[in-house]
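Participant: Fit chain B to the known structure of chain A by using the hints.
Letter by letter, the chains look like this.
There are 2 protein chains.
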Amino acid sequence: MSEQTEHHHRENVQQALAEIQHLLARHRLVEGLVHRQAMPRHELVETLVHKQHVAELARRLDAMHAADIAFVLEALPLDDRLFVWDLVKAERDGEILLEVSDPVRESLIESMEPKELVAAAEQLDADELADLAPDLPRGVMEDVFRLLGAEEREQLRAAMSYPEDAVGALMDFDLVTVREDVSLEVVLRYLRRFDELPDHTDQVYVVDRQEHLRGVLPLARLLVADPEARVADVMLSNPLTLTAEDRADEASRWFERYDLVSAAVVDAKGRLVGRVTVDSVLDFVREQQEAERLAQAGLREEEDIFAGVLDSVKNRWAWLAINLVTATLASRVIGLFEGSIERLVALAALMPIVAGIGGNSGNQTITMIVRAIALGQVRTDAARKLYRKEIAVATVNGVVWGGLLGILAWGLYGSVSLGLVMTVAMLLNLLLAAIVGVAIPMTLSRLGRDPAVGSSVMITAVTDSGGFFIFLGLATLFLIK
Amino acid sequence: MSEQTEHHHRENVQQALAEIQHLLARHRLVEGLVHRQAMPRHELVETLVHKQHVAELARRLDAMHAADIAFVLEALPLDDRLFVWDLVKAERDGEILLEVSDPVRESLIESMEPKELVAAAEQLDADELADLAPDLPRGVMEDVFRLLGAEEREQLRAAMSYPEDAVGALMDFDLVTVREDVSLEVVLRYLRRFDELPDHTDQVYVVDRQEHLRGVLPLARLLVADPEARVADVMLSNPLTLTAEDRADEASRWFERYDLVSAAVVDAKGRLVGRVTVDSVLDFVREQQEAERLAQAGLREEEDIFAGVLDSVKNRWAWLAINLVTATLASRVIGLFEGSIERLVALAALMPIVAGIGGNSGNQTITMIVRAIALGQVRTDAARKLYRKEIAVATVNGVVWGGLLGILAWGLYGSVSLGLVMTVAMLLNLLLAAIVGVAIPMTLSRLGRDPAVGSSVMITAVTDSGGFFIFLGLATLFLIK
Numbered sequence: 008m009s010e011q012t013e014h015h016h017r018e019n020v021q022q023a024l025a026e027i028q029h030l031l032a033r034h035r036l037v038e039g040l041v042h043r044q045a046m047p048r049h050e051l052v053e054t055l056v057h058k059q060h061v062a063e064l065a066r067r068l069d070a071m072h073a074a075d076i077a078f079v080l081e082a083l084p085l086d087d088r089l090f091v092w093d094l095v096k097a098e099r100d101g102e103i104l105l106e107v108s109d110p111v112r113e114s115l116i117e118s119m120e121p122k123e124l125v126a127a128a129e130q131l132d133a134d135e136l137a138d139l140a141p142d143l144p145r146g147v148m149e150d151v152f153r154l155l156g157a158e159e160r161e162q163l164r165a166a167m168s169y170p171e172d173a174v175g176a177l178m179d180f181d182l183v184t185v186r187e188d189v190s191l192e193v194v195l196r197y198l199r200r201f202d203e204l205p206d207h208t209d210q211v212y213v214v215d216r217q218e219h220l221r222g223v224l225p226l227a228r229l230l231v232a233d234p235e236a237r238v239a240d241v242m243l244s245n246p247l248t249l250t251a252e253d254r255a256d257e258a259s260r261w262f263e264r265y266d267l268v269s270a271a272v273v274d275a276k277g278r279l280v281g282r283v284t285v286d287s288v289l290d291f292v293r294e295q296q297e298a299e300r301l302a303q304a305g306l307r308e309e310e311d312i313f314a315g316v317l318d319s320v321k322n323r324w325a326w327l328a329i330n331l332v333t334a335t336l337a338s339r340v341i342g343l344f345e346g347s348i349e350r351l352v353a354l355a356a357l358m359p360i361v362a363g364i365g366g367n368s369g370n371q372t373i374t375m376i377v378r379a380i381a382l383g384q385v386r387t388d389a390a391r392k393l394y395r396k397e398i399a400v401a402t403v404n405g406v407v408w409g410g411l412l413g414i415l416a417w418g419l420y421g422s423v424s425l426g427l428v429m430t431v432a433m434l435l436n437l438l439l440a441a442i443v444g445v446a447i448p449m450t451l452s453r454l455g456r457d458p459a460v461g462s463s464v465m466i467t468a469v470t471d472s473g474g475f476f477i478f479l480g481l482a483t484l485f486l487i488k
Numbered sequence: 008m009s010e011q012t013e014h015h016h017r018e019n020v021q022q023a024l025a026e027i028q029h030l031l032a033r034h035r036l037v038e039g040l041v042h043r044q045a046m047p048r049h050e051l052v053e054t055l056v057h058k059q060h061v062a063e064l065a066r067r068l069d070a071m072h073a074a075d076i077a078f079v080l081e082a083l084p085l086d087d088r089l090f091v092w093d094l095v096k097a098e099r100d101g102e103i104l105l106e107v108s109d110p111v112r113e114s115l116i117e118s119m120e121p122k123e124l125v126a127a128a129e130q131l132d133a134d135e136l137a138d139l140a141p142d143l144p145r146g147v148m149e150d151v152f153r154l155l156g157a158e159e160r161e162q163l164r165a166a167m168s169y170p171e172d173a174v175g176a177l178m179d180f181d182l183v184t185v186r187e188d189v190s191l192e193v194v195l196r197y198l199r200r201f202d203e204l205p206d207h208t209d210q211v212y213v214v215d216r217q218e219h220l221r222g223v224l225p226l227a228r229l230l231v232a233d234p235e236a237r238v239a240d241v242m243l244s245n246p247l248t249l250t251a252e253d254r255a256d257e258a259s260r261w262f263e264r265y266d267l268v269s270a271a272v273v274d275a276k277g278r279l280v281g282r283v284t285v286d287s288v289l290d291f292v293r294e295q296q297e298a299e300r301l302a303q304a305g306l307r308e309e310e311d312i313f314a315g316v317l318d319s320v321k322n323r324w325a326w327l328a329i330n331l332v333t334a335t336l337a338s339r340v341i342g343l344f345e346g347s348i349e350r351l352v353a354l355a356a357l358m359p360i361v362a363g364i365g366g367n368s369g370n371q372t373i374t375m376i377v378r379a380i381a382l383g384q385v386r387t388d389a390a391r392k393l394y395r396k397e398i399a400v401a402t403v404n405g406v407v408w409g410g411l412l413g414i415l416a417w418g419l420y421g422s423v424s425l426g427l428v429m430t431v432a433m434l435l436n437l438l439l440a441a442i443v444g445v446a447i448p449m450t451l452s453r454l455g456r457d458p459a460v461g462s463s464v465m466i467t468a469v470t471d472s473g474g475f476f477i478f479l480g481l482a483t484l485f486l487i488k
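Protein chains in written order, with the working numbering: chain A, 8 to 488; chain B, 8 to 488.
Next comes chain A alone, as it looks inside the complex (with noise of 0.2 Å):
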């Protein structure tokens, strides 16, 4: 589906949508004119000057790359978006759903009848199809899983039962298979008798007749080697192998660690089931890269940058309304001090910097904390060194920047005892914020979670709170008689 294909340079992708919005500009014109006319539509599919337009844009869509066709559609207004996908040829709207983003694809499955969606269906392999399945009206589906072979359906069955965030989600089916002991000689041949082997074959993979893998032979390999020599030879005996069940975010890890191409999926028998490429690993880490960075600001979903405001409102309300429940108990702590703020207002004007610095620092904590436990460096023995070095941290930083806070405060307010107040609730927030940054990931990733989920929010709910009720609390015991 992903071949290199001949007709795409570098420069083409920005410039080719400014041409496309061009050309959808001059035919709104068009419309536009036969529209304060009073002309009716179908007189306007008639135009002379509108039929070239079309024909100029078709003709445009029709020599681009599936994946840049996907980035015009998601850089459009949705009528525009409509317009230009009905342009283009029914046999590529496969490959092109595939490239979109979920809330495009979604825009365009939405415009198309189950007729060509199940014959845009059909032009995909299983494990394509596996992607695409949960996104299609089930009528559909089940129409798509009548057409398919035995074999193929075998595939779409076992490549949708996989999580999203395990090897079988990534996995496909494209394997070129030699025994181990014929010769390099009858290797070749067999291979010149494809007329294309699949993309990212950088080898063919050695099975015995039970497909049990023996070995793979990389095809830099194949051509450096000796004709005569035996495959058994020359292969790799003892590749790096993945199962279906692992965890996709270790097998990218591997990749980048091994610098591979391609690797095999083997299932618990050691049988050969499918294979991982480098293009899938590429894209899966830059969608994970894209999760975290909308989960961080609490966005449930990538938005389309022309969706509707309601859309937007529903993928981002969760978050606000957290925040609003832990600022609110914030709020309630500063309400248990009233009487403390009503006497002594410039606590008022000095909590929030107390608050403030205790997130931030924390956040500090969480991130190297997190980083440490994804790279698989942070055993649970380890906890107490990395509690105590944090410790020591905040404590540094505690005396630093709380005895410049007090430093200020002293200067502003004239009263030492505010000073000293301000530097030891500085200090005591930033040991909160140490030790809860370091509790939470690991508690999160000792329960199994994804330790860098959340922890965000809730380091900021415990220094917010917190910073208040210290800040307050020592203000209310020595300022306040």
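Treat each hint with caution, since some may be false.
Chain copies aren't distinguished; within one or between two, either way the pair holds.
Claimed, not checked - Pairs of lysine to aspartate or glutamate, DMTMM-like flavour, derived with a Cα cap of 20 Å:
no., residue 1, residue 2
1, Lys392, Asp87
2, Lys96, Glu63
3, Lys392, Asp86
4, Lys96, Glu345
5, Lys392, Asp318
6, Lys96, Asp69
7, Lys96, Glu113
8, Lys58, Glu26
9, Lys276, Glu297
10, Lys96, Glu120
11, Lys392, Asp181
12, Lys321, Asp109
13, Lys276, Glu218
14, Lys321, Glu297
15, Lys392, Glu257
No lab work stands behind these hints: they were computed from the structure.
Facilitator: Then chain B, alone, in the frame of chain A:
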């Protein structure tokens, strides 16, 4: 350097780390006994049991992939790390130094003699050397330079002349080139003369006598096409090419979009100068992701988790200082309204909610816009559309969440007018967050800066100070008589 070796499996790394830690612990135990009995240190070296452990450790390391040794070194505290590093065979030093993280690399280089460093550097290709060069002492680099051949020296100079985020920094020089007027049979014979092909050779490059790139010949095509055919008839004559000045993140998008394994790098005259392979791209994407994650928490660089406290404090202080300034500004805004707070102390408890929710909402907007900019979907003329949408979303959120908070304030403090002020202040601060949330990344991007860096601090500064000002200002106008 990074070929797929036969002697690694996927479970090895964590297990190897555990085994090595176990061997180290036993080694320390012997050392401890020796120490307590005040045995002279040179006798320890003679101890049989000690020798066994060390030999076992060295054997274990010999069998490991360079990337795995790098992982182990990163996961060990400094003294253990240097002990293990001494046991690694000198001829592997270069490739391992390439694999470890920056702070760990520094710690290893500090422990090495100039002579050892020169020897390690000599083992590397020019492009790898360029990656290592910034961390090597000046004298060492001068020695290495002297030892290089003329061509390699030129390549090293070229590779070092590009900034880290340019394609030139990802490029290597392991090119296999052929002429277009020969038959595939000739190419196959030519390749067979290599001992091995460079890693990630998925295609050979077709050049003329002046090194102008004429096309690329994928190995997959070479293997299936008729050996009698001419290269010119089988090659892709218009492949995607990069220049050394292209931005690495754009190149990584092209690798993703077109599923490339390698791409040619050409100069302004179309002459082939190098290539980029997908393994460098994958590393680049991951490093970018890490750098962004660290930058978001205000960490200047990755921290060796066993680094000293003062290194950590230095790494983190700039961010805390910036936040101290913005928090102090916000605090001064509150200071302006101390009189109002004294008369209506409820304001002190409610004001952090207004500021906090504004910050969260602004960060959501920024995340959306930064993402759209990174994907190239936002052009300047789309700005008005984005402002309109974000303002609409903010209005809905302001009415809903502001209304809710207004009711909360009314319930808590029994004042309808306080509730109304709360609602209006929330609405206004969310509108401020929306407008500034679009404006900041758009402006940074227009100034040629990375819109992801610093946006979050700025929006929080605006919504904090702005939120306090709006809420306390409205309260002073309408509630304080």
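Participant: Taking the hints in turn, state whether each one holds.
Facilitator: Against the structure, the hints come out as follows:
For the homomeric pair Lys392 and Asp87, the shortest alpha-carbon distance between copies (15 Å) is at most 20 Å, but the shortest distance inside one copy (58 Å) is not. With identical chains, the CA atoms of Lys96 and Glu63 are at most 20 Å apart within one copy only, with a shortest distance of 14 Å there and 64 Å across copies. Taking the shortest Cα distances, Lys392 and Asp86 sit within 20 Å of each other only across copies (15 Å), while inside one copy they are farther apart (58 Å). In this assembly of identical chains, the alpha carbons of Lys96 and Glu345 never lie at most 20 Å apart, being 69 Å within a copy and 68 Å across copies at closest.
Proximity of Lys392 and Asp318 under a CA criterion of 20 Å is satisfied inter-copy only: 16 Å between copies versus 46 Å inside one chain copy. For the identical chains of this complex, Lys96 and Asp69 are intra-copy neighbours only, at 7 Å inside a copy versus 56 Å across copies, given an alpha-carbon limit of 20 Å. When the C-alpha separation of Lys96 and Glu113 is checked against a cutoff of 20 Å, the pair qualifies only within one copy, where the shortest distance is 19 Å, while the shortest distance between copies is 56 Å. For a Cα distance limit of 20 Å, the shortest separation of Lys58 from Glu26 inside one copy, 17 Å, qualifies, whereas the shortest one across copies, 72 Å, does not.
Proximity of Lys276 and Glu297 under a CA criterion of 20 Å is satisfied in neither setting, with 36 Å inside one chain copy and 37 Å between copies. In the homo-oligomer, the alpha carbons of Lys96 and Glu120 lie at most 20 Å apart inside one protomer (15 Å), although the nearest pairing across protomers, at 65 Å, exceeds that limit. Taking CA atoms no more than 20 Å apart as the test, Lys392 paired with Asp181 passes in neither setting, with 48 Å inside one copy and 44 Å between copies. With identical chains, the CA atoms of Lys321 and Asp109 are at most 20 Å apart within one copy only, with a shortest distance of 16 Å there and 42 Å across copies.
For the identical chains of this complex, Lys276 and Glu218 are intra-copy neighbours only, at 10 Å inside a copy versus 50 Å across copies, given an alpha-carbon limit of 20 Å. Taking the shortest alpha-carbon separations for Lys321 and Glu297, only the intra-copy value of 19 Å comes in at or below 20 Å, while the best inter-copy value is 30 Å. Proximity of Lys392 and Glu257 under a CA criterion of 20 Å is satisfied in neither setting, with 25 Å inside one chain copy and 41 Å between copies.
Of the hints listed earlier, those the structure fails to meet are numbers 4, 9, 11, 15, in rising order.
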